[in-house]
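Participant: These are the residues of each chain, in order.
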Amino acid sequence: MPLRIVKSIEPIEVRTITLCVYAPPGIGKTSLASSAEAPLLLDFDAGAYRSANRGDIVPVSSWADVAQIEDKDLAPYKTLIVDTAGRALDALSAEIIRTDAKMGRGGALSLQGYGALKSRFITWLKWVRSFGIDVVLVCHSDEQKNGDEMVERLDMQGGSKGEVYKSADVMGRLYLKNGKRVLNFSPTDTAFGKNPAQLAPIEVPDFSVEPRFFARVIGDIKAHLNKKTAEQAAASAALEEWQGLVGAATSAADFDSLVTSAAESPENIRTNIKRMIMAEAKKKGFTYDAAAKAFAQATPAPAPAQAAS
Amino acid sequence: MIRMAVTDLETFRYWKANEESTMDDLIARLTHREVTVQMRAGGALAKVIEDAAGAQVELDSVVRDGFEFVFDCDAELPAEAVRELRAERMVTTPYGDVRLVARCDMLNGLTVRDQKLTERWDAEKYLDSLQWRAYLDIFDADAFVYDVFEATYEKGKPEDTVTRIKVTGFNRMTFYRYPDMRKDVESAVCELAEVFQRIGHGIVA
Numbered sequence: 001m002p003l004r005i006v007k008s009i010e011p012i013e014v015r016t017i018t019l020c021v022y023a024p025p026g027i028g029k030t031s032l033a034s035s036a037e038a039p040l041l042l043d044f045d046a047g048a049y050r051s052a053n054r055g056d057i058v059p060v061s062s063w064a065d066v067a068q069i070e071d072k073d074l075a076p077y078k079t080l081i082v083d084t085a086g087r088a089l090d091a092l093s094a095e096i097i098r099t100d101a102k103m104g105r106g107g108a109l110s111l112q113g114y115g116a117l118k119s120r121f122i123t124w125l126k127w128v129r130s131f132g133i134d135v136v137l138v139c140h141s142d143e144q145k146n147g148d149e150m151v152e153r154l155d156m157q158g159g160s161k162g163e164v165y166k167s168a169d170v171m172g173r174l175y176l177k178n179g180k181r182v183l184n185f186s187p188t189d190t191a192f193g194k195n196p197a198q199l200a201p202i203e204v205p206d207f208s209v210e211p212r213f214f215a216r217v218i219g220d221i222k223a224h225l226n227k228k229t230a231e232q233a234a235a236s237a238a239l240e241e242w243q244g245l246v247g248a249a250t251s252a253a254d255f256d257s258l259v260t261s262a263a264e265s266p267e268n269i270r271t272n273i274k275r276m277i278m279a280e281a282k283k284k285g286f287t288y289d290a291a292a293k294a295f296a297q298a299t300p301a302p303a304p305a306q307a308a309s
Numbered sequence: 001m002i003r004m005a006v007t008d009l010e011t012f013r014y015w016k017a018n019e020e021s022t023m024d025d026l027i028a029r030l031t032h033r034e035v036t037v038q039m040r041a042g043g044a045l046a047k048v049i050e051d052a053a054g055a056q057v058e059l060d061s062v063v064r065d066g067f068e069f070v071f072d073c074d075a076e077l078p079a080e081a082v083r084e085l086r087a088e089r090m091v092t093t094p095y096g097d098v099r100l101v102a103r104c105d106m107l108n109g110l111t112v113r114d115q116k117l118t119e120r121w122d123a124e125k126y127l128d129s130l131q132w133r134a135y136l137d138i139f140d141a142d143a144f145v146y147d148v149f150e151a152t153y154e155k156g157k158p159e160d161t162v163t164r165i166k167v168t169g170f171n172r173m174t175f176y177r178y179p180d181m182r183k184d185v186e187s188a189v190c191e192l193a194e195v196f197q198r199i200g201h202g203i204v205a
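Going down the list, the protein sequences come from chains A and B. With this note's numbering, letter number 149 in the first sequence gets 149, and the count goes up by one each step, no holes. With this note's numbering, letter number 16 in the second sequence gets 16, and the count goes up by one each step, no holes.
Read the hints as simulated data drawn from the structure, not as lab findings. One should not assume that every hint holds.
To be verified - A few chain B residues that face chain A, going by a derived Cβ cut-off under 8 Å, partial list only:
1. MET39
2. GLY42
3. ALA46
4. ILE49
5. ASP60
6. VAL63
7. GLU76
8. LEU85
9. LEU110
10. GLU119
11. ASN171
12. MET173
13. ARG177
14. CYS190
Stated by the list, open to error - Simulated pairs of lysine-lysine, PhoX-like, Cα-Cα distance not exceeding 25 Å:
15. B:LYS16 - A:LYS161
16. B:LYS155 - B:LYS166
17. A:LYS78 - A:LYS227
18. B:LYS125 - B:LYS16
19. B:LYS166 - A:LYS145
20. A:LYS166 - A:LYS180
21. A:LYS118 - B:LYS125
22. A:LYS102 - B:LYS47
23. A:LYS145 - B:LYS47
24. B:LYS116 - A:LYS166
25. A:LYS145 - A:LYS7
26. B:LYS125 - A:LYS161
27. B:LYS116 - A:LYS118
28. A:LYS161 - B:LYS47
29. A:LYS145 - A:LYS78
30. A:LYS126 - A:LYS78
31. B:LYS125 - A:LYS274
32. A:LYS145 - B:LYS125
33. A:LYS126 - A:LYS145
34. B:LYS183 - A:LYS7
35. A:LYS78 - A:LYS102
36. B:LYS166 - A:LYS166
37. A:LYS283 - A:LYS222
38. A:LYS177 - A:LYS78
39. B:LYS125 - B:LYS166
40. B:LYS16 - A:LYS282
Don't be surprised by glycine CBs; every beta carbon is placed ideally from N, CA and C.
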C-alpha cells in the first residue's frame with residue numbers, strides 16, 4: 001500500500017454526487033430530501049411518516065436491511081436518501097459489534113471497531129453510488145460551544161462524522177429565517193458548508209408548488225461541477241506547459257518574453273503564471289525592475305527566501 | 001504596513017476557540033514559533049513529495065531529513081503540480097494595510113493542495129480552518145484539497161539517527177470557494193491586524 005504520485009487522469013463527468021443536509025429536528029430535512037429526483041428513502045430514524053411529500057420508503061431496523069442492496073433494487077430511483085446518516089452509522093456499529101465482539105467494548109465500538117465503521121460506511125456509499133444514483137445524507141445537528149460562540153455540528157457519534165464530512169461533495173444546512181425555510185451551502189463562522197456551485201442561500205418553496213425543488217438544486221450543482229471540471233483540466237494542462245517554459249528560461253530576455261506572453265494567458269491562471277515567472281527568475285538570480293518592466297541579472301545572487309507560511 | 005502569514009490567522013483562530021488561552025499565550029505563539037518534531041516531519045514529507053518533481057513515483061518507504069516514512073495505506077497525489085508557490089494579497093484595514101502572504105504545497109490548475117501529517121484525523125479542524133479560505137482567495141483557486149496523512153511515530157533506540165514514522169491512513173477533503181468568502185478572510189485579517197498593531201508584531205516598512 002504505497003504513496004503514489006501519478007499523472008492526473010482525464011476529467012470525468014460528474015454524474016452522481018453525495019450531499020449532506022443538516023438541521024435541528026423538525027425543520028423539514030426529510031421533506032426537502034424527498035423533493036429530489038425519483039427518491040428512495042432509507043428510514044433509519046423511523047421518522048419518514050412526518051414528511052409531507054415522501055416517496056418510496058424502506059423502513060430500516062438493522063444494517064442487514066440495507067447491506068445487500070443491489071442495482072435492481074435501485075433501478076427505478078435516481079436518489080437514495082439516508083435518513084438519518086447518524087442512525088445509519090449507529091445501525092452499522094451495532095452490526096459490526098454483533099458480528100465481531102472484539103470490535104466493541106461495553107456496547108460501544110473499540111478503536112478497531114471505529115476503523116471498521118469508517119471503512120464499511122465509505123465502501124457502502126461507493127457501492128450504492130456505483131449504481132448511478134445521487135446520495136443524500138440527512139443529518140441532525142446540535143449546538144456546541146466553541147470559545148465564546150455556539151456552533152452547529154453534525155449530531156452523530158465520534159469519529160464517524162468525519163466520514164460524512166469527507167464523503168459529502170456538497171453540504172448544506174436548513175434553517176428558519178423570518179418563518180421561511182432557507183437552504184444555505186456556504187459555511188459561516190458558526191456552521192459548516194460545502195458550496196461547490198457557489199449558490200446563494202435559497203428559500204425553500206412550498207413543495208406543493210415545486211415538488212421537485214431539490215432535484216433542480218442538485219441538477220444546478222452537477223452542471224456547475226461539470227463546467228468546473230472542464231475548466232480545471234484546461235487550467236492544469238496550461239500550468240504544466242507554463243511550468244516547462246518557465247523552467248527553461250535562462251536569461252533576462254527569456255523572462256521578459258515570458259511576462260509578455262503571460263499577459264495573453266487565460267485570465268483565471270494569469271496571476272499564478274506571473275508568480276511562477278517571478279519565483280523562477282528570483283531563483284536564477286534575476287531581479288524585476290517594475291519601472292523599466294524588465295528583468296536584470298542581480299549581483300550578487302540573492303540569499304534563499306524566508307518561508308512565507 | 002503589516003506582514004501577516006496565513007499561518008498567523010490559523011494561530012489566532014485556534015487561540016480564539018480555546019477559552020483558557022490568554023493574550024500572553026497568543027503573543028507567545030505568534031512571536032516564538034517553536035519547531036517541533038511533528039513540524040520537522042511534516043517538512044520532510046513535503047520534501048519527499050516535492051522530490052518527485054513532476055515524475056510518477058510509487059513509494060513503500062522513504063528516508064528524508066532524519067525521518068523514515070513507511071506507507072501502510074493507499075495515497076495518491078497528482079504529479080503535474082506547481083510546487084511551493086508563494087503569493088500575497090493586500091488587505092486594507094483600519095489598522096493599516098496588511099500584506100497577507102501564503103505558500104502553497106501544490107497548485108494544480110485551479111486547485112490548491114496542502115499536505116498534512118497528523119497523529120489524529122479531525123475533520124472538523126479542517127472544516128473550520130481559515131487556511132483554505134485564505135488560500136482560495138489568494139491563489140484565485142476554485143477548490144482546495146487537504147491530503148491528510150495519519151501517522152504514528154515509532155519509538156526507536158537512543159542511538160537511532162532516523163525517526164520511523166508509519167503512515168497508517170490517508171484522508172482527502174475538498175473545499176470550495178463560496179460567496180462572501182473574501183469578506184470572511186478580510187474580517188479575520190482585520191481582527192488580527194488590530195492585535196498585531198497593539199503588540200507591534202509584523203510591522204514592516
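Participant: Each hint: holds or not?
Facilitator: Against the structure, the hints:
1. A least Cβ separation of about 11 Å between MET39 (chain B) and chain A goes past the 8 Å threshold, and the interface hint is therefore violated.
2. For GLY42 (chain B), the interface hint is violated, since its Cβ never comes within 8 Å of a Cβ in chain A; the closest pair sits about 12 Å apart.
3. Because the beta carbon of ALA46 (chain B) sits about 11 Å from the nearest beta carbon in chain A, more than 8 Å, this interface hint is broken.
4. The interface hint given for ILE49 (chain B) holds, since its Cβ lies 7 Å from the closest Cβ of chain A, which is under the 8 Å cut-off.
5. Taking 8 Å as the C-beta cut-off, the interface hint given for ASP60 (chain B) holds, the closest approach to chain A being about 5 Å.
6. A hinted interface residue such as VAL63 (chain B) counts as satisfied when its beta carbon comes closer than 8 Å to some beta carbon of chain A; here the least separation is about 13 Å, so the hint is violated.
7. For the restraint placing GLU76 (chain B) at the interface with chain A, the shortest Cβ-Cβ distance is roughly 5 Å, inside the 8 Å limit, so the hint holds.
8. Here the hint on LEU85 (chain B) is kept, as its CB sits about 6 Å from the closest CB of chain A, short of 8 Å.
9. Taking 8 Å as the C-beta contact cut-off toward chain A, the hint placing LEU110 (chain B) at the interface holds, the least distance being around 5 Å.
10. Of the supplied interface hints, the one on GLU119 (chain B) is violated, with its beta-carbon coming no nearer than about 13 Å to a beta-carbon of chain A, more than 8 Å.
11. For ASN171 (chain B), the interface hint holds, since its Cβ comes within 8 Å of a Cβ in chain A; the closest pair sits about 6 Å apart.
12. The restraint placing MET173 (chain B) at the interface with chain A holds, with a minimum CB-CB distance near 5 Å, inside the 8 Å limit.
13. With a least beta-carbon distance of about 7 Å to chain A, the hint placing ARG177 (chain B) at the interface is held under the 8 Å criterion.
14. Annotation: CYS190 (chain B) was flagged as interfacial toward chain A, and the flag is violated, the nearest CB pair being 14 Å apart, outside 8 Å.
15. Note on LYS16 (chain B) and LYS161 (chain A): the hinted pairing holds, with a Cα-Cα distance of about 24 Å set against a maximum of 25 Å.
16. At roughly 11 Å between alpha-carbon atoms, LYS155 (chain B) and LYS166 (chain B) fall within 25 Å of each other, so this suggested pair holds.
17. A threshold of 25 Å between alpha carbons decides the hint, and for LYS78 (chain A) with LYS227 (chain A) the separation of about 21 Å falls inside it, so the pair holds.
18. Among the hinted pairs, LYS125 (chain B) with LYS16 (chain B) is consistent with the structure: their alpha-carbon atoms are about 13 Å apart, no more than 25 Å.
19. Only pairs whose Cα atoms come within 25 Å are accepted, and LYS166 (chain B) paired with LYS145 (chain A) is rejected, the gap being roughly 34 Å.
20. Taking the CA atoms of LYS166 (chain A) and LYS180 (chain A), the gap is near 30 Å; set against the 25 Å cutoff, the hint is violated.
21. About 18 Å separates the Cα atoms of LYS118 (chain A) and LYS125 (chain B), which keeps this hinted pair within 25 Å; it holds.
22. This hinted pair does not check out: LYS102 (chain A) and LYS47 (chain B) have alpha carbons roughly 40 Å apart, beyond 25 Å.
23. Distance restraint check for LYS145 (chain A) and LYS47 (chain B): the Cα-Cα separation of roughly 38 Å exceeds the 25 Å cut-off, and the hinted pair is therefore not satisfied.
24. Our distance criterion of 25 Å between C-alpha atoms is met by LYS116 (chain B) and LYS166 (chain A), whose separation comes to about 15 Å.
25. About 43 Å separates the Cα atoms of LYS145 (chain A) and LYS7 (chain A), which puts this hinted pair outside 25 Å; it is violated.
26. Proximity of LYS125 (chain B) to LYS161 (chain A) is assessed by CA-CA distance (about 12 Å); at most 25 Å being required, the pair is judged to hold.
27. Taking the CA atoms of LYS116 (chain B) and LYS118 (chain A), the gap is near 20 Å; set against the 25 Å cutoff, the hint holds.
28. Simply put, LYS161 (chain A) and LYS47 (chain B) have alpha-carbon atoms about 32 Å apart, too far for the 25 Å limit, and the pair is violated.
29. The hinted pair formed by LYS145 (chain A) and LYS78 (chain A) fails the criterion: a straight-line CA distance of about 38 Å is larger than 25 Å.
30. About 15 Å separates the Cα atoms of LYS126 (chain A) and LYS78 (chain A), which keeps this hinted pair within 25 Å; it holds.
31. For the hint linking LYS125 (chain B) to LYS274 (chain A), the alpha-carbon distance of about 32 Å lies beyond 25 Å, and the restraint is violated.
32. Taken as a hint, the LYS145 (chain A) and LYS125 (chain B) pair is honoured in the structure, with Cα atoms around 14 Å apart against an allowance of 25 Å.
33. Between LYS126 (chain A) and LYS145 (chain A) the CA atoms are separated by roughly 33 Å; this puts the pair beyond 25 Å, and the hint is violated.
34. Taken as a hint, the LYS183 (chain B) and LYS7 (chain A) pair is broken in the structure, with Cα atoms around 35 Å apart against an allowance of 25 Å.
35. With a C-alpha separation of about 38 Å, the suggested pairing of LYS78 (chain A) with LYS102 (chain A) is violated against the 25 Å cut-off.
36. In summary, the hint linking LYS166 (chain B) to LYS166 (chain A) is supported, as the alpha carbons are separated by about 22 Å, within the 25 Å threshold.
37. The suggested pairing of LYS283 (chain A) with LYS222 (chain A) is violated, with an alpha-carbon distance near 42 Å, which exceeds 25 Å.
38. For the given pair, LYS177 (chain A) sits about 30 Å from LYS78 (chain A) by alpha-carbon distance, which is inconsistent with the 25 Å threshold.
39. In summary, the hint linking LYS125 (chain B) to LYS166 (chain B) is supported, as the alpha carbons are separated by about 22 Å, within the 25 Å threshold.
40. As the CA atoms of LYS16 (chain B) and LYS282 (chain A) are separated by approximately 38 Å, the hinted pair breaks the 25 Å bound.
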